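Got chain A sorted already, so can you dock chain B onto it with the hints?
Take a look at the letters that make up each chain.
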Amino acid sequence: MSTATTNSIAKPQVLLLQPIFPSFESALSPKYSLLNSRESSLPLTSFLSAHAHSIKALITLDPIISIDASLLDQLPSLGLVCASSAGVNHIDLDACRQRGVAVTNAGDRFSADTADYAVGLLIDALRKVTMADRYVRNGLWPIEVNYPLGSKVGGKRVGIVGLGNIGSHVAKRLEAFGCSISYFSRSLKPNYPSYKYFSNVLELAKYCDMLVLTCALTAETRHIINRDVMSALGKDGVIINVGRGALIDEPELVRCLKEGVIGGAGLDVFVNEPEVPTELFQMENVILSDHRAVTTPESFQGVLDLVIENLDAFFAGKPLLSPVSY
Amino acid sequence: MSDRDFPYSIWPTGPQFLISLTNSKSLFLSFSIRYLNTFSCSGSVSQSVCMDSLGILITRPLFPYLEQQLLRRGCCLFRLYDSPEDRRIQFLRENSGSIRAVIGNTFVEVDAAMIDALPELKIVASFSVGLDMVDLQKCEERGIRVTNTPDVLTDDVADLAVGLAMAVLRRIPSADLFVRSNGWKNGDFTLTTKFSGKRVGILGLGRIGLSIAKRVESFNCPIHYHSRSIKPFSNYTYHSNPLLLASNSDILIISCSLTAQTRHIVNRAVIDALGPHGILINIGRGAHVDEAELVKALREGRIGGAGLDVFEDEPNVREELVGLDNVVLTPHVGSDTVETSREMADLVVGNLEAWVLNEPLLTPVV
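Heads up: the sequence lines are chains A and B, in that order.
Numbered per this note's numbering, the first sequence spans residues 1 to 326.
Numbered per this note's numbering, the second sequence spans residues 1001 to 1366.
If we strip away everything but chain A, and leave its shape as in the complex, we get (with noise of 0.2 Å):
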């Protein structure tokens, strides 16, 4: 390890507890010294005590290692969680909150992307895109005349579960299509009048046609669809998730497609991913994706640059640019 330098400042250290990427190693390195618990050959207790005093931040990668508390107690000097992801549900943000450690997440660098996303998933669920993609490389058309119709875009009550960047981000879209908007979200957003407020979710999925989940994982929305809601939903109903998998009961979801309680599904997350339901895979009114919301070239450029404006911010001693509030 090097020690003092030529400069006067040594740069700040800051902790990870995964891989990552070569071109964001190259993006930090310059102002700041990358401690990479995988490229030690210590077990990862030693490996912290030996630098405890000396991190002040850490960055989270791949959102699947939780950041908990007695993590946090093995970091007495940390004061920054800086989360690559729009989620931050691997965190436990009480036990941050009692420490004095800030978390900052991805912000709105995701909210484009996930929304295009969704509406695309949407889409697709509605005008049987990539079914009509299977049939057509399968041969089918020339045999079979009486393909299956799809439904209208325009003129469906979207129901969003979870008016926040995202969800905002997809409304403004769909509405260009001719859709009507209405919401669940933890309280009533005055910035949007235009659309409808429900101050549940049951009540949003008996009036809408369709469901958009956009919003955060919490204990709170844990299953907050849950076959209550896909009932109500209807038969017709189609549920598009790029939230998180367990914002849905995935059992009782696999069982309500299943039995025809909706009629279709758009899923970009599972509750234990890379694992999906194979029952999914018999079924041609689900679209199954592997969470590639945010896997774009534009958003990983973005979240890298919020990553080091958020730790650029925190060693100056300015205000954090994405800081989640708990």
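These are calculated hints, taken from the structure and not from any lab test.
Here the structure is a predicted model, which is why all the values come from computation and not from measurement.
The C-beta atom is built at its ideal place from N, Cα and C for all residues, glycine as well.
Since no wrong hints were added, every one of them can be taken at face value.
Stretches of chain A that chain B covers, calculated by requiring three or more beta carbons in the stretch to come under 8 Å of a beta carbon on chain B:
{"no.": "1", "region": "120-128"}
{"no.": "2", "region": "131-143"}
{"no.": "3", "region": "148-161"}
{"no.": "4", "region": "170-177"}
{"no.": "5", "region": "272-285"}
Examples of chain B residues lying across from chain A (beta carbon under 8 Å, computed):
{"no.": "6", "residue": "R1170"}
{"no.": "7", "residue": "I1172"}
{"no.": "8", "residue": "T1190"}
{"no.": "9", "residue": "L1191"}
Just chain B now, with coordinates in the frame of chain A:
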């Protein structure tokens, strides 16, 4: 789906209904049965226009609702598709005395040969907005009326154009296959490129083109277009030819009608101008694109991808296209939704009824 209100008031008044009843006993009998069985789109009992024995040629199986509406009105349907191909002219000649109407579509031509075989043909009511399959000049010469289904399908076609663009750029069908084939468990993630903010080039800024523009604007996509004339939209950039349009687009969408001038409007030069990161979306007609050149360009990576709802030889799709993973292929379903099919059917029926009643046609082109 609930029945929709009939969009146009074409129901005859009481006296006209009575006149048609008294023309013959059997007519009265069959019509009264139909009257009792009539359902109306709005749910209340209404009178149907008597189109009894109007002979209509059907060249392809109809949308069931349309067939139902025609049969309820007593039309006599002549199904050309039930005859083997080599017997079709004969079928036409055998029934030529009875056939006074043809329901057009986007698959089977109403060409000079067919028109010549049907001396009693008076009206072609197409279940489409495009009329490239109808010999319009011949119809005009013969005094045959031609109607289409404009406006009602505009939004659906625009929706599919955007849906295809999204499916190609974000590789949605490819993702689905990746998951279903257990690829996700074994493989890494795929990078796709952001849709929002991409330059969208619209070839033909008519009804459908404008509808597409309105949609992609909400994704903050700058709009470029080429059309026969400059349109009064100051925030859309006009280009005087398709080549310039393609050079300035990331997503090129074909939404013009097919004419002699627009055949192969997207040729090798335009494809090359679109470039290796550009994608082509065709919701117009297969013949708008030099399909062989497109296939070559896709294979060689000179163009980034394509979303195609129409092909040169439907329902046959080139093998080479099927083998590519940067294309999305749909079987000419631009207006194929339950809602729009019903509206199109209502227009076809409405036009035929207007013709029977000698009233102004709803959506005539000839």
